[in-house]
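Chains as they are written, first to last, in my numbering: chain A, 1 to 135; chain B, 136 to 1010.
Source of the hints: derived by calculation from the structure; they are not laboratory data.
Be careful, since some hints might not be right.
Over 10 Å on every C-beta distance to chain B, these chain A residues come out as not near it, computed from the model [stated by the list, open to error]: (1) V3; (2) G27; (3) Y28; (4) Y29; (5) T32; (6) E41; (7) P58; (8) G88; (9) R95; (10) K121.
With a Cα cut of at most 20 Å, we get these calculated EDC-like pairs of lysine to aspartate or glutamate [as the list claims (entries may be wrong)]: (11) B:K760 / B:D232; (12) B:K171 / A:E120; (13) A:K122 / B:D232; (14) A:K114 / B:E179; (15) A:K121 / B:D172.
If you anchor each label on the Cβ, the simulated ranges turn out as follows [unchecked claim]: (16) B:E230 / A:L112: 28 to 38 Å; (17) B:R641 / A:K46: 47 to 57 Å; (18) B:E811 / A:R26: 31 to 41 Å; (19) A:D84 / B:Q932: 18 to 28 Å; (20) A:P58 / B:P233: 26 to 36 Å; (21) A:K46 / B:A740: 47 to 57 Å; (22) A:P58 / B:R507: 29 to 39 Å; (23) B:R724 / A:S106: 20 to 30 Å; (24) A:P47 / B:R781: 57 to 67 Å.
The beta carbon of each residue, even a glycine, is placed where N, CA and C say it ideally should be.
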Amino acid sequence: MRVVRLLLVDDEARFVETLSKRLALRGYYVETTCSGAGALELVGAKPFDVVLLDVRMPGMDGLETLCAIQRVQPLIKVILISGDASIGAAVEGMRHGAVDYVLKPSSLDDLLAKVDSAFEKKRLEEEQAGGTPAR
Amino acid sequence: MRIRSLGRLLGRRRWRPVVVRPDTTAALSLSYLAFKDLITSNDEFLELVADIEQRLEGYTAFDTTYVRFRAVACATHVCRMVMCLDTLSSRRYPELDPVFGAIERQIEALLAAPRGTRSSAALIYPLSALDATLSDKVGGKAANAGELANKAHLPVPDGFAVSVDAFAALLAHAHLDHAIRARHTELNCEDVTRFNETSNDLQQLLTHCPVPQEIAAAILEGYDALCARVGFAPRVAVRSSAVGEDGEMSFAGQYTSVLNVGREELIDAYRQVLASLYSAPALFYRTARGIPDDVPMAVLCMMMVEAAASGIACSVNPGAPDSGTLLIAGSWGLGVPTAAGSVSPDSWEVSRDGLAISRAREGSKETSVEARAEGGVRWIGSAIRPAAAFCLSDPQVIELARLVLAAEAHYGSAQEVEWVLDSSGRFSIVQCRPLRIAEQSAWAGGDAATIVAGHRVLLTGVPASAGCASGPVCCLSESDDAGRFPPGAVLVARHSSPAYVRVMRRAAAIVTDIGAAAGHMASLAREFGVPAVLDTRVATATLRADQIVTVDARHGLVYEGAVSSLLAGRPAEPARTMKTTPVYGTLRRVADLIVPLNLLDPNAANFSPGACRTLHDIARFAHEKAFEQMFRMSDHVADVTQKAIRVSERLPFELYVIDIGGGLQPPAGESVTMAEVGSEPMLALLKGMTHPALRWWEPRRVSLAGFLSVATESMMSPQDDANVRRLGERSYAIVAEAYCNFSSRIGYHFAAVDAYCGQSPTRNYVSFRFKGGAADDLRRAKRCELIATILARLDFQVERRGDLVNARLRKFPRQVILDRLDQVGRLLVATRQLDMRMAPRAPVEWFVQAFLAGDYSFDHEEQPGRPTGAERGAP
């Protein structure tokens, strides 16, 4: 099983630092950035599997970033993160193609379950696109 | 500019599922993935529903964060199901999404935090401007003080309130809103260390936060105005006045009061009181009571009275609510020790009618609190004060009783009052809140003759909170770790401190050395419904850890051992319930849009998007339709010719499989054998269908009657034309590693099998559908009955309608699923010949037994009820 490559996008520095460390400890490859523009640059330049994207950021907000990422890399799975438990925002995010929606703060195990599930989906979709089933 | 905005417009276009022509393999793969997603989300949604239903029972605590999180999780899962069904069904149900949207918006509206109207955002209110109607602005304590002073015209010390708007402005100015909320949601009552850490963090944030100039100025102005009114510069008591405090819930003693504060220390004292919002006991209290986490906090600054004596009074005696007395407790100096339960006070029971003192109990009053000239307070030992005499004279007690009853009369309900007697002999009421008295009625045990014979009475004390309970003793002091208190134990402590709220949810009963029925902890015990006996003097010295005792809080007795006669009469499960809390109401209303299921019967006319009222309805609809789609899918596949690979095994039909992921080993050529089938469920099915005992390919003696019946049917049913054409045509299966979807028309039967078989039993299922077949009605009905009965014996849930059999097997382990699929494979083939083998009067049970025993010969001669020689050959 190859290492899952995560991109963590959030403007709250303390949160990003803590979370990325904990993810790395669990064996995930993590890069971080604090803005939507930064995220776009990174997904254009390097391969990522799953993006953890904060909904509310100054400048390019979460939804805009989500759509932009999908245009550039349609197979990447995006999980939206929000400190705001708004159903409308969650549903809108899903309708714009986010694969899941996570509230801040949530337990690391819950978050990882969603990350793994998103990665699994991506893998399956890549197989279909590739044609032959990979073992 | 225009191009850019157009680009943005396109960029923000709603994501649409990729619509692929249904007759391509790509469509199948997408459908399969969407289907998998859908059933996963459905499972998780149902678990969320079960969790919500459990909380609605009222025994487990939760707060608004829980409600929000759950609501969002439910909405995202159901949203995903709607989107998956869209893909799966090629947009067959466009009305579903708007219905979902409408429900989702209703839930959102329920959860929207009420934004307080910032119309009149006064920062400071003088006491003269306050009454009960302003409790949203100044909190319960300040509003009640104003109500007592201005409406009930009772003596209340002058002061002013710093409003909740000031608090909000303070938080906004220091950007603390988000930080507080983030830490707050990390709270977990079970992890005591983390809890305390978070509590400390939060308190630190507030104690050191910068106070905006505007607010500091307003506070000092308020103080200066007070000085002008009273003619000198008084010391004040700075007390919490949270919204909701001193109302339905007492919050007794949970927040800090800072006493004897001068002008210079006012701002610091203000911050200190705000910080106590997040003390561990306060946090525990709010979580246990289901109070929404955003508690607006106001502060009351009240002139300090030079107290000769002070204490608490209850307009109904909480220890003996039916006795028609009220209770007064007090001690020298400031009222802190009495309220805090750290002193053994004087107490009086006064009859409400006639105002006569019926009982007076002298307390040891070994410590008292007095104000220091330079600010703050000090605790004095009894050596300095005359500890022998009562702190109130009899006439003073009566006068106080009158005041207390006046307060009760004004509010129309029993009240608990904090009073002060100044050095010139005048009373003031400092605080007032509704008195909570536990239910007495349902309890039948131990009435007049109070002491139960045969059991040793270890202690006597003051009943403070009614009830009766038994458990092992656990001694705790205020500084001890609440986490180590075992559930169901009897809390034994020296003082009756409100800090013990931390363990109230777990304690069977409470016994203390010192304290009064009128005091904060007593209030809390009554609120939580925990029986309490206080002021026993010697509890901590007498009782041993883990000793079993029975606390009879009705009579103030503690027995050795478990006294079953007392415990037997207890009312069912005390109301330690969330049901009376505000947040419960929110969950209830939100749950009404999520949990109830209206769409019960997939065959009923109301099984449609338009009839969906809740998220559960939508999930049910999507789930059912998704299965239907998957069943139909393999039918559509007949048009797909590429990538369909023939299975070269002995089968009564031609089987072609389409692999959508891991279903076949990379095929070498045009066909595969069973050895190359990687799909476990397909393999199991094939094993069954190719079972050696099923000798379908050998010519068997056929009942002429049976044969003719079949032939007649096929000639005379033009509507079965399609079936006839398909006789002997190809059957198709869509396979993946853990999945298969098989449909075929074997002979005159239509059968479809859809199965998922993975490691985890929760996702596993087998769906089986069978319809029709040739032969006359009688045989057809028999056949269906046979199939239905066999499947039921194989643990399927079976539904029969006419000649349609619909069966499902859910959530069994992998091996069981595979075994059942094997049986289904055999069944599919065995029933093929049954048309011609089944004598009309043969009982179905015989065939069932034969099949389950592995005998597929269905030998014509051996059937019971076989036709006699005379009948044979007759058409």
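Do the hints match the structure? See the list:
no.	hint	verdict
1	V3	holds (22 Å)
2	G27	holds (21 Å)
3	Y28	holds (22 Å)
4	Y29	holds (25 Å)
5	T32	holds (18 Å)
6	E41	holds (17 Å)
7	P58	holds (14 Å)
8	G88	violated (5 Å)
9	R95	violated (6 Å)
10	K121	violated (7 Å)
11	B:K760 / B:D232	holds (14 Å)
12	B:K171 / A:E120	holds (12 Å)
13	A:K122 / B:D232	violated (25 Å)
14	A:K114 / B:E179	holds (12 Å)
15	A:K121 / B:D172	holds (9 Å)
16	B:E230 / A:L112: 28 to 38 Å	holds (37 Å)
17	B:R641 / A:K46: 47 to 57 Å	holds (52 Å)
18	B:E811 / A:R26: 31 to 41 Å	holds (38 Å)
19	A:D84 / B:Q932: 18 to 28 Å	violated (43 Å)
20	A:P58 / B:P233: 26 to 36 Å	holds (33 Å)
21	A:K46 / B:A740: 47 to 57 Å	holds (55 Å)
22	A:P58 / B:R507: 29 to 39 Å	violated (51 Å)
23	B:R724 / A:S106: 20 to 30 Å	holds (24 Å)
24	A:P47 / B:R781: 57 to 67 Å	violated (39 Å)
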